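**Student:** Each chain is listed here by its residues.
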Amino acid sequence: MRRFALIAAPYLWLLALFLVPFAIVLKISLSDYAVSIPPYTPQFDWATGIGAFLEKLDFENFIWLSEDDLYWKAYLSSLKIALISTFMTLLVGYPIAYAMARAPEEWRATLMMLVILPFWTSFLIRVYAWMGILSNEGFLNQFLLWIGVISEPLTILNTNTAVYIGIVYTYLPFMILPIYAALERLDDSLIEAAEDLGCSRLTAFWLVTIPLSKNGIIAGCFLVFIPVIGEFVIPSLLGGSDTLMIGKVLWEEFFSNRDWPVASAVAVVLLLLLIIPIVLFQRNQQKQQEADT
Amino acid sequence: MTRMSWFNTVSLTLGFAFLYVPMLILVIFSFNDGKLVTVWAGFSTKWYGELMQNEAFLNAAWVTIKVAVVSSTIATVLGTMAAYVLVRGGRFMGRTLFSGMIYAPLVMPEVITGLSLLLLFIGIGLDRGVLTIILAHTTFSMCYVSVVVSSRLMTFDRSLEEAALDLGCSAAQAFRLVTLPIIAPAVISGWLLAFTLSLDDLVIASFTSGPAATTLPIKIYSAVRLGVSPEINALSTIMIAIVTIGVITASLVNKRQLVRQQRDEQAAVRS
Numbered sequence: 045m046r047r048f049a050l051i052a053a054p055y056l057w058l059l060a061l062f063l064v065p066f067a068i069v070l071k072i073s074l075s076d077y078a079v080s081i082p083p084y085t086p087q088f089d090w091a092t093g094i095g096a097f098l099e100k101l102d103f104e105n106f107i108w109l110s111e112d113d114l115y116w117k118a119y120l121s122s123l124k125i126a127l128i129s130t131f132m133t134l135l136v137g138y139p140i141a142y143a144m145a146r147a148p149e150e151w152r153a154t155l156m157m158l159v160i161l162p163f164w165t166s167f168l169i170r171v172y173a174w175m176g177i178l179s180n181e182g183f184l185n186q187f188l189l190w191i192g193v194i195s196e197p198l199t200i201l202n203t204n205t206a207v208y209i210g211i212v213y214t215y216l217p218f219m220i221l222p223i224y225a226a227l228e229r230l231d232d233s234l235i236e237a238a239e240d241l242g243c244s245r246l247t248a249f250w251l252v253t254i255p256l257s258k259n260g261i262i263a264g265c266f267l268v269f270i271p272v273i274g275e276f277v278i279p280s281l282l283g284g285s286d287t288l289m290i291g292k293v294l295w296e297e298f299f300s301n302r303d304w305p306v307a308s309a310v311a312v313v314l315l316l317l318l319i320i321p322i323v324l325f326q327r328n329q330q331k332q333q334e335a336d337t
Numbered sequence: 016m017t018r019m020s021w022f023n024t025v026s027l028t029l030g031f032a033f034l035y036v037p038m039l040i041l042v043i044f045s046f047n048d049g050k051l052v053t054v055w056a057g058f059s060t061k062w063y064g065e066l067m068q069n070e071a072f073l074n075a076a077w078v079t080i081k082v083a084v085v086s087s088t089i090a091t092v093l094g095t096m097a098a099y100v101l102v103r104g105g106r107f108m109g110r111t112l113f114s115g116m117i118y119a120p121l122v123m124p125e126v127i128t129g130l131s132l133l134l135l136f137i138g139i140g141l142d143r144g145v146l147t148i149i150l151a152h153t154t155f156s157m158c159y160v161s162v163v164v165s166s167r168l169m170t171f172d173r174s175l176e177e178a179a180l181d182l183g184c185s186a187a188q189a190f191r192l193v194t195l196p197i198i199a200p201a202v203i204s205g206w207l208l209a210f211t212l213s214l215d216d217l218v219i220a221s222f223t224s225g226p227a228a229t230t231l232p233i234k235i236y237s238a239v240r241l242g243v244s245p246e247i248n249a250l251s252t253i254m255i256a257i258v259t260i261g262v263i264t265a266s267l268v269n270k271r272q273l274v275r276q277q278r279d280e281q282a283a284v285r286s
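Which chain is which? The protein sequence lines are B and U, in order. Taking my numbering, I'd label the letters of the first sequence as residues 45 to 337. Taking my numbering, I'd label the letters of the second sequence as residues 16 to 286.
Some clues are possibly wrong.
[Claimed, not checked] Covered, in the sense of this in silico footprint (three residues per stretch, anywhere, with C-beta under 8 Å from a C-beta of chain U), are these stretches of chain B: (1) 49 to 62; (2) 144 to 152; (3) 161 to 170; (4) 179 to 190; (5) 233 to 239; (6) 277 to 291; (7) 304 to 311.
[Said to hold, decoys possible] Only part of the chain U face toward chain B is listed, based on derived beta-carbon distances under 10 Å: (8) F33; (9) P37; (10) M38; (11) L112; (12) F113; (13) I117; (14) P120; (15) I127; (16) G129; (17) L134; (18) G138; (19) T153; (20) I247; (21) L250; (22) V258.
[Stated by the list, open to error] Just some of the chain U residues that point at chain B, by a computed CB distance under 10 Å: (23) L29; (24) G30; (25) F44; (26) F46; (27) Y99; (28) M123; (29) V126; (30) A151; (31) F155; (32) I235; (33) S251; (34) G261.
Don't read these hints as lab results, they were simulated from the structure. Keep in mind it's a predicted model, so treat the numbers as computed, not measured. Each residue gets a CB set at the ideal place from its N, CA and C atoms; glycine is no exception.
Looking at chain B on its own, in the form it has when it is part of the complex:
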């Protein structure tokens, strides 16, 4: 009896507040838009039953999504931004993780804490910090003008460049930590052996260190890529009007256009888009866990 209660409490909570809401999104994504409150006509009615539902089922909103350029472009551009920024985060994060793993042992705990600390600090504040740096009168432009690299301020804020900078900055800890974990376990004697056998330091790095930290790299890339796809705060604060990301489109569809059925359809397609990377990530994690035990 007690065991039943133990299982039932979290189970029912998640059913009611995770699964049921999602079923509602699915249902509304199949409904028609209407000028009323709530702004849609339900497609599924318990009174008329499943037969009538199937008769009227037309995937209208999904067809609308596939016909309107905006949504295609938004999905593709989210994918593009996520891919490029994941790669950039890897380029910035790997040397940091590598240097941390090579640092004297007594420093490592402190360095770890310094990487984690920004993660506990508000995401919104960290994005906001870049608004003052990247604006036309911002610090970056002031600095570049002062050292004489440029003669006129660059427009960075409200462009895709600012979005990339913001993503690399906020997601960097997610990339560093798994790579650091993989590199820290790396046995130095393997690299020494490679060098003894005639590898240059660079070849040894390429042939030994990188392959052995593969799992960390993969985990870090997924941890950045998956959340960036649906990102809203960064494109809306640092991006411009031409920065198309699907999270932002969904937000505007819902709050500005008040088109709930289309917003729901956007959500369903976004989730379908994410299933592949999520399943791949899950598999990779499982493989790693099995290898560890």
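Let chain B serve as the given structure and place chain U on it in line with the hints.
**Tutor:** The following block gives chain U in isolation, referenced to the frame of chain B:
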């Protein structure tokens, strides 16, 4: 590895500069006398004074703290239960669905979680306000708590529990007297994680809050959309300071505990 190569020194220096300089600039300019956050006009703490007089911000801060305390506490209880069930519960009907529902919110985009919860609340006619934000935050943060606690439970030596049961404890007593004290650090860090996630959340709160309840991130977001302002810098500085003190204290306490544990173990071996 006794000495760091120049390459490693440079990447650490540049890396940590990249992580910390933006926040440092933010903090410095919260003490700026001028209205601009990019031109230094002398030292002043006037923005902090103005912040303290800003009713809207203070109200939002109060709502945010209330939501965070309540939601992270419920989330910790439910999340710990879920972790215990997943690691120790054995087989039961719908176990796969259950573990799926625990992991899915971790990778679910916030816009989708927010949208789906809002549609639920409207569907059942629940007025949006503090209660709905608490429900929403509890739902996603209990999953984080459960992940943190279950990773501790997995490395936990079961024979300790079995010994307690052999010595006549009931299952509930064994949990309270043996399991809970051992997993306590994980439960506490789960609570802290849930608390910060709730403090920090903008997207889900925007969907699930009503006009009656505005949280601090929502307030900051709408102010920041209009551009940078020294008042927001001051607010950010206060929040950064609280987090920094919290994290450093937690890690010192952890370290102390670790040292004491090691000493106890050594003492036990010697005697």
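**Student:** Would you list, in rising numerical order, the hints stated earlier that this structure does not obey?
**Tutor:** 5 and 26
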